[in-house]
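Number of protein chains: 2
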Amino acid sequence: MIQKLISNIQKTNAPVVVGLDPMLGFIPEHIKNNAFAEFGETLEGAAKAVWQFNRAIVDAVCDLIPAVKPQIAMYEQFGIPGLRAFQRTVDYCRKKNLVVIGDVKRGDIGSTSAAYAAAHLGRVQVGEKLLTPFGEDFATVNPYLGSDGIQPFLDVCREQKKGLFILVKTSNPSSGEFQDRLVDGRPLYELVGEKVAQWADSCMGENYSYVGAVVGATYPEMGRVLRKIMPKSYILVPGYGAQGGKAKDLVPYFNEDGLGAIVNSSRGIIAAYRQEKYASFGEAHFAEASRQAVADMIADINGALGH
Amino acid sequence: MIQKLISNIQKTNAPVVVGLDPMLGFIPEHIKNNAFAEFGETLEGAAKAVWQFNRAIVDAVCDLIPAVKPQIAMYEQFGIPGLRAFQRTVDYCRKKNLVVIGDVKRGDIGSTSAAYAAAHLGRVQVGEKLLTPFGEDFATVNPYLGSDGIQPFLDVCREQKKGLFILVKTSNPSSGEFQDRLVDGRPLYELVGEKVAQWADSCMGENYSYVGAVVGATYPEMGRVLRKIMPKSYILVPGYGAQGGKAKDLVPYFNEDGLGAIVNSSRGIIAAYRQEKYASFGEAHFAEASRQAVADMIADINGALGH
Chain S
711 MIQKLISNIQ
721 KTNAPVVVGL
731 DPMLGFIPEH
741 IKNNAFAEFG
751 ETLEGAAKAV
761 WQFNRAIVDA
771 VCDLIPAVKP
781 QIAMYEQFGI
791 PGLRAFQRTV
801 DYCRKKNLVV
811 IGDVKRGDIG
821 STSAAYAAAH
831 LGRVQVGEKL
841 LTPFGEDFAT
851 VNPYLGSDGI
861 QPFLDVCREQ
871 KKGLFILVKT
881 SNPSSGEFQD
891 RLVDGRPLYE
901 LVGEKVAQWA
911 DSCMGENYSY
921 VGAVVGATYP
931 EMGRVLRKIM
941 PKSYILVPGY
951 GAQGGKAKDL
961 VPYFNEDGLG
971 AIVNSSRGII
981 AAYRQEKYAS
991 FGEAHFAEAS
1001 RQAVADMIAD
1011 INGALGH
Chain H
711 MIQKLISNIQ
721 KTNAPVVVGL
731 DPMLGFIPEH
741 IKNNAFAEFG
751 ETLEGAAKAV
761 WQFNRAIVDA
771 VCDLIPAVKP
781 QIAMYEQFGI
791 PGLRAFQRTV
801 DYCRKKNLVV
811 IGDVKRGDIG
821 STSAAYAAAH
831 LGRVQVGEKL
841 LTPFGEDFAT
851 VNPYLGSDGI
861 QPFLDVCREQ
871 KKGLFILVKT
881 SNPSSGEFQD
891 RLVDGRPLYE
901 LVGEKVAQWA
911 DSCMGENYSY
921 VGAVVGATYP
931 EMGRVLRKIM
941 PKSYILVPGY
951 GAQGGKAKDL
961 VPYFNEDGLG
971 AIVNSSRGII
981 AAYRQEKYAS
991 FGEAHFAEAS
1001 RQAVADMIAD
1011 INGALGH
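In order, the protein sequences belong to chains S and H. Under the numbering used here, the residues of the first sequence are numbered 711 to 1017, in order. Under the numbering used here, the residues of the second sequence are numbered 711 to 1017, in order.
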């Protein structure tokens, strides 16, 4: 799947991923009203609104981008109907030939990690049948529990040609509380990065590994160091736009081949119509505003990269 | 909810929690055959088997124990039908007056953590309505992202009187890879424990906090230290039984008031009928085997504690 991600990035000339994190507050009133008219103010109604909103945005931007990243928490908060909307979104995006990164941040040990890996990247055996529960292409994974927790994900990635992005240095202000603490004079995130590099070596595609890392755009100096520590890992970069990361900050996350990183924007794209810059589209044309925001983001990043 | 947990523990005189982690391999053939006859070898069939299995075990043990801990990965692997079985299990156990600890190990930042907190412990606003997505009483949470990731869970705990168990030192062999690394001469898990103590202080019940910690039974010396660092936090202790933790190892996890810890066993209870010790019950009487295993576990732990 790393090959498909790279191929999609090269085809679109766009090292970007759109985060499908549909908070109800981002969804235009006419979509919510229609959904509530059908299902009431229920979890089903919320899920219907989420799905209609996602589909319109995906339809509007899918030819410009290589990948999407649905954040499962935003679906899980609407219970079973919400998770059904997550599944529909994953299926729909895959049909559109987009690579789907499930932002699930799962992580456990042994058979429990194996169950999460099966749920999101693999298949589960039921009697004689092998069934696909959610079927994303990549998943984000939390490394705090160590190799026991990662190994079952690696096994599924090898078997299914799927991929991971392992949390190394997150984009939030308090990410340093534990991640930056010095161990033998070096921050913990570097040690995690070294482990990621080892795991990556054991799961290689052609030039890049199935095993990537999450490194926030808000810490470009750390990105520069981590890029070197994990040369074969794709870096998924959150924090561009709404969280404050600028295009010029993204340069160190890329390798000299122009590859090696993919930059996420969520609300900056899906809620673009609420920004002053795109207000002229109007709420009714929210998806066109998202398309323009994607085009602007790609131009901004490629400008900084000199592509 | 910490008050209810303590009250349930005192009523049953049983500081134990049964992990409802129903791998298909643990479920007796007659239950699977019935479920597959109705739904085929499908995710629905697997979920039906899981639910029937859980209900029989809960019916057999609910008067002996204060709490259950369903591991959501084991349900998530069966997709939407599996998550519906999770929800039915949560609802059923709450009706039986059991405290339900959702072993979800979620963790993210800001609005995403808020969405997970709403999903599992709180309510979500849809139009004018406040709806309950999954409604567990406690959730396990991963701290790697720092305070930004924990704060939204604390807010929901205060508002809803729900609780957390934050991963501090996990029971698995490779938990030391990151958790044991020395920071200023002290292992990282101690720093995480200190943070847990601060978070706990901000969410107090009567004598204990809504904010607890996960510390594996397999590291009793670390348990002793962490008990002192987090005096107001209940400790959820995995690793007893199948993972190798012994009853005498559990003593340091408790406070002098005889409270402060709750010990989990999952497969040791739910798959008891497959152990030689309980084989005489036979597969048909798997739930009675689980009941006997619970009684034996309680006696074992209370013996070690001198209760």
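Bear in mind the hints are in silico, worked out from the structure with no lab data behind them. All values derive from a computational prediction rather than experimental measurement. Please note: incorrect hints may appear among the correct ones.
Copies of the same chain look alike in the list, so a pair counts if it fits in one copy or across any two.
Straight-line distance between alpha carbons at most 20 Å, and here's what the computed SDA-like set of lysine to any residue pairs gives [claimed, not checked]:
1) Lys958 - Glu887
2) Lys871 - Glu966
3) Lys987 - Val893
4) Lys839 - Phe736
5) Lys958 - Met711
6) Lys942 - His995
7) Lys805 - Gln908
8) Lys839 - Ile790
9) Lys806 - Asn965
10) Lys714 - Asp801
11) Lys905 - Val893
12) Lys905 - Gly1013
13) Lys839 - Pro738
14) Lys938 - Gly1013
15) Lys805 - Asp1010
16) Lys839 - Ser717
- Item | Hint numbers not upheld by this structure, sorted from lowest to highest | 1, 2, 3, 5, 6, 7, 9, 12, 14, 15, 16
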